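2 protein chains.
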Amino acid sequence: MTGASPDAPAPRRRGRPSRRAASEGPDARTRILAAARTEFAERGYDKTSIRGIARAAGVDAALVHHYFGTKDEVFAAAVEVTFEPALVVHTVLGGPPEGLGERLARFFLSVWEDPATRSPLLAILRSALTHEAAAKVLREFVLRRLLERIAAELDVPDATFRAELAASHMIGIATLRYMIRAEPLASADPEEIVAMVAPALQRYLGER
Amino acid sequence: MTGASPDAPAPRRRGRPSRRAASEGPDARTRILAAARTEFAERGYDKTSIRGIARAAGVDAALVHHYFGTKDEVFAAAVEVTFEPALVVHTVLGGPPEGLGERLARFFLSVWEDPATRSPLLAILRSALTHEAAAKVLREFVLRRLLERIAAELDVPDATFRAELAASHMIGIATLRYMIRAEPLASADPEEIVAMVAPALQRYLGER
Numbered sequence: 001m002t003g004a005s006p007d008a009p010a011p012r013r014r015g016r017p018s019r020r021a022a023s024e025g026p027d028a029r030t031r032i033l034a035a036a037r038t039e040f041a042e043r044g045y046d047k048t049s050i051r052g053i054a055r056a057a058g059v060d061a062a063l064v065h066h067y068f069g070t071k072d073e074v075f076a077a078a079v080e081v082t083f084e085p086a087l088v089v090h091t092v093l094g095g096p097p098e099g100l101g102e103r104l105a106r107f108f109l110s111v112w113e114d115p116a117t118r119s120p121l122l123a124i125l126r127s128a129l130t131h132e133a134a135a136k137v138l139r140e141f142v143l144r145r146l147l148e149r150i151a152a153e154l155d156v157p158d159a160t161f162r163a164e165l166a167a168s169h170m171i172g173i174a175t176l177r178y179m180i181r182a183e184p185l186a187s188a189d190p191e192e193i194v195a196m197v198a199p200a201l202q203r204y205l206g207e208r
Numbered sequence: 001m002t003g004a005s006p007d008a009p010a011p012r013r014r015g016r017p018s019r020r021a022a023s024e025g026p027d028a029r030t031r032i033l034a035a036a037r038t039e040f041a042e043r044g045y046d047k048t049s050i051r052g053i054a055r056a057a058g059v060d061a062a063l064v065h066h067y068f069g070t071k072d073e074v075f076a077a078a079v080e081v082t083f084e085p086a087l088v089v090h091t092v093l094g095g096p097p098e099g100l101g102e103r104l105a106r107f108f109l110s111v112w113e114d115p116a117t118r119s120p121l122l123a124i125l126r127s128a129l130t131h132e133a134a135a136k137v138l139r140e141f142v143l144r145r146l147l148e149r150i151a152a153e154l155d156v157p158d159a160t161f162r163a164e165l166a167a168s169h170m171i172g173i174a175t176l177r178y179m180i181r182a183e184p185l186a187s188a189d190p191e192e193i194v195a196m197v198a199p200a201l202q203r204y205l206g207e208r
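Each protein sequence line maps, in turn, to chains A and B. Those letters in the first sequence? Residues 1 to 208, by full-length UniProt numbering. Those letters in the second sequence? Residues 1 to 208, by full-length UniProt numbering.
Quick caveat, the hints were computed from the structure, so don't treat them as lab data. Mixed in with the good hints, there may be bad ones.
Unchecked claim - Below, a list of computed lysine to aspartate or glutamate pairs in the DMTMM-like style, where the Cα atoms sit at most 20 Å apart:
1) A/Lys-47 / B/Glu-132
2) A/Lys-47 / B/Asp-46
3) B/Lys-47 / A/Glu-183
4) A/Lys-136 / B/Glu-80
5) B/Lys-136 / A/Glu-132
6) B/Lys-47 / A/Asp-46
7) B/Lys-136 / B/Glu-80
Being a predicted model, the structure only gives us computed values, none of them experimental.
Could you build all of it, start to finish, from the sequences and the hints given here?
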C-alpha cells in the first residue's frame, strides 16, 4: 500500500508478486503461513487453493507463489510450522532415560489435547491419508526429520525403526481417540493413557 | 431371471426390487457385497453410490436397497465382510497366553500383507478418517464388536481399554507402513516388526 515506487520496472511475468504485497515483507510471510495452516485444516488438502490462502492472508496469490512455490510446498511449510513443537523433541528426550516413554507419551497427548494444535494435526493426518502429495510431504519431510532427530538422541540399535514404532503407536492412539473417537479410548483420562502407553514407548526407545 | 411369478402383486413403491433381480436370491446378495467392497475400496466412501454398486453387481439398485438399506448400511455390511477374519479372533486368542502378543501381531500383519484384504482395509480406514458416517460404522459397529470379543477372552483389568490400545498400535503401524509408507517401517520384514511389537501387545493383553 505504501512505499512502492510507482516507476519501478514491472515485468509482466505471471505470478510475480504485486508491489503492494511484496512490500509487506516478513509479516506477510507469517500471515500466509497462518492462513495456509487454517485453510488446510478447515478445507482439507484437496479444497485448499493458493488463491484461497492468499485471500485469507490478505495478499496477492503471486506473493504466496513467491514465498513458497507450489501448493505442495505451501503445505510442507504449513506442516513444518505445525510440527515445530514436536521438532524440539530434545527437550523431551533430554531428561532421565528411564522416564523417556512417559515424557514422550505425555508430550504427545498434550499436543493433541490442545484444540489449537489438534485441528491442524488432524488436517495433516487426514490429508496425508487421502492425498499422495500430502503423504509425500509427511513421509519425506516431517517424519524423516522427526525420526532422525529422535533416533540421534537414542542409545539403542535400529534407533530409527524403534522411533518409528513408537510414533506408530502414538499416531494410532490419535487416530482412534481424536479421529474415529472410539470408546473407551476417546473418553479416557490422558494420564490413564500415559500410564498404560509409557512402558511400551520406553521399551522401544530406552532398551538395548 | 427364472422362477418369478408373472402375476405376483407388484406395489409401485419406489425402490422395490424388480422380479428379475429379487429372484436371484442369496447369490445376488453375495455379488452386491463383493461389488460394494470393491466400489468402496476403489472409489472411496464419498464417490461410491448405491447405483454404482448395483451396476457392478449386475442387479437393480432397488435390490441393493432391499437387502441392505442405505449407503451407510451397505458400507457397514461391506466392512463386516472385510473384518470377518478379524472377528474370529478367538483362534488367535486361543493359544498359550504367553504367545498372545506375537500371534496377534503376526495375524494382523498377515491380513495387511495380503493385497486382497489390504485394499478394502485401506479403503475402510481412509473412509473412516474422512467421513463421519464411515467413522461411525467403524466406531459403533466393527471396533466395538471386535474389542468386546477380544476383551471377553482376556483375563486382565480394563480389558477393553487394553484391547483398544493394542488395536491403536496396530492401526498406527498400518497407517505408517501401508498408507504413508514411511521408512524404515514400510520396507521392514514383517517378522522383524512382529518381534519388536509382540512384547508391547503382550503387555497390554496378557499382564495383570
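Evaluation of the provided hints:
Distance restraint check for A/Lys-47 and B/Glu-132: the Cα-Cα separation of roughly 18 Å lies within the 20 Å cut-off, and the hinted pair is therefore satisfied. Of the pairs offered as hints, the one joining A/Lys-47 and B/Asp-46 holds, with about 15 Å between alpha carbons and a cut-off of 20 Å not exceeded. A distance of roughly 28 Å separates the Cα atoms of B/Lys-47 and A/Glu-183; the hinted pair therefore is violated under the 20 Å criterion. A distance of roughly 31 Å separates the Cα atoms of A/Lys-136 and B/Glu-80; the hinted pair therefore is violated under the 20 Å criterion.
Simply put, B/Lys-136 and A/Glu-132 have alpha-carbon atoms about 25 Å apart, too far for the 20 Å limit, and the pair is violated. Proposed proximity of B/Lys-47 and A/Asp-46 is supported: the alpha carbons are some 15 Å apart, at most 20 Å. A hinted pair counts as satisfied when its Cα atoms are at most 20 Å apart, and B/Lys-136 with B/Glu-80 qualifies at roughly 13 Å.
When each numbered hint is compared with the structure, violations occur for hints 3, 4, 5.
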